[in-house]
Amino acid sequence: SAVISQKPSRDICQRGTSLTIQCQVDSQVTMMFWYRQQPGQSLTLIATANQGSEATYESGFVIDKFPISRPNLTFSTLTVSNMSPEDSSIYLCSVSRGLGNTEAFFGQGTRLTVV
Amino acid sequence: KQEVTQIPAALSVPEGENLVLNCSFTDSAIYNLQWFRQDPGKGLTSLLLIQSSQREQTSGRLNASLDKSSGRSTLYIAASQPGDSATYLCAVYGETSGSRLTFGEGTQLTVNP
Numbered sequence: 001s002a003v004i005s006q007k008p009s010r011d012i013c014q015r016g017t018s019l020t021i022q023c024q025v026d027s028q029v030t031m032m033f034w035y036r037q038q039p040g041q042s043l044t045l046i047a048t049a050n051q052g053s054e055a056t057y058e059s060g061f062v063i064d065k066f067p068i069s070r071p072n073l074t075f076s077t078l079t080v081s082n083m084s085p086e087d088s089s090i091y092l093c094s095v096s097r098g099l100g101n102t103e104a105f106f107g108q109g110t111r112l113t114v115v
Numbered sequence: 001k002q003e004v005t006q007i008p009a010a011l012s013v014p015e016g017e018n019l020v021l022n023c024s025f026t027d028s029a030i031y032n033l034q035w036f037r038q039d040p041g042k043g044l045t046s047l048l049l050i051q052s053s054q055r056e057q058t059s060g061r062l063n064a065s066l067d068k069s070s071g072r073s074t075l076y077i078a079a080s081q082p083g084d085s086a087t088y089l090c091a092v093y094g095e096t097s098g099s100r101l102t103f104g105e106g107t108q109l110t111v112n113p
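Residue numbers (this note's numbering), protein chains in the order written: chain D, 1 to 115; chain X, 1 to 113.
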């Protein structure tokens, strides 16, 4: 298994500001992902965080809005930039140890409210 | 494009009842299927992972089955307890989806004391 620490657990932010969410894993992992879960909905993948290179974004998500860093194999950050109330969601970090037959693990999530 | 559907969307049962949650997926070319539990406002807890070559997995009162050819999985919960109340999500790891999990919409379970 993998133990994931995600910070902050929740925050209330003013519109137009930015929030950086941190994800720390207790061991090295190959794959790290960031998801968004809007109220009452399932999870949507934002991007795959690649170690040492730019993140791979899913359709509908752009780097200017959701810049991601991954300086090493145990840590990543997601920034939600220039926030609006529509960004109010739970943001989740997920990891797996490799492609194919591996189990996915999730952090406890960051509950973001934009006012 | 892989689509995952979970039925029912919500379920309310009395304590002690055995229950079944259903998950179906449109593309049978998968590496594995995973069941998660999510408590309100929290992250996901992995419950069971079934590899594409497996038929079922068991953990305590939970049993998950997989019929890859028909695109179906079930999560069986025995002797349900109020502490089982949560949203249950299934997700598939497709062979053609790169490293992406595709999630269902979830089943919201309430177990009444």
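No lab work stands behind these hints, which were simulated from the structure alone.
There may be inaccurate statements among the hints.
Think about it this way: if two alpha-carbon atoms lie no more than 30 Å apart in a straight line, the pair counts; the simulated BS3-like pairs of lysine-lysine are [unchecked claim]:
1. X:Lys42 to D:Lys65
2. X:Lys1 to X:Lys68
3. D:Lys7 to D:Lys65
4. D:Lys65 to X:Lys1
5. X:Lys1 to X:Lys42
6. X:Lys42 to D:Lys7
Outcome of the hint check:
1. Simply put, lysine 42 (chain X) and lysine 65 (chain D) have alpha-carbon atoms about 24 Å apart, close enough for the 30 Å limit, and the pair holds.
2. Only pairs whose Cα atoms come within 30 Å are accepted, and lysine 1 (chain X) paired with lysine 68 (chain X) is accepted, the gap being roughly 16 Å.
3. Note on lysine 7 (chain D) and lysine 65 (chain D): the hinted pairing holds, with a Cα-Cα distance of about 19 Å set against a maximum of 30 Å.
4. For the hint pairing lysine 65 (chain D) with lysine 1 (chain X), the CA-to-CA distance comes to about 26 Å; that is within 30 Å, so the pair holds.
5. For the suggested pair lysine 1 (chain X) and lysine 42 (chain X), the alpha carbons sit about 28 Å apart, so the restraint of at most 30 Å is met.
6. A distance of roughly 13 Å separates the Cα atoms of lysine 42 (chain X) and lysine 7 (chain D); the hinted pair therefore holds under the 30 Å criterion.
Going down the numbered hints, you'll see the structure goes against none, and every one checks out.
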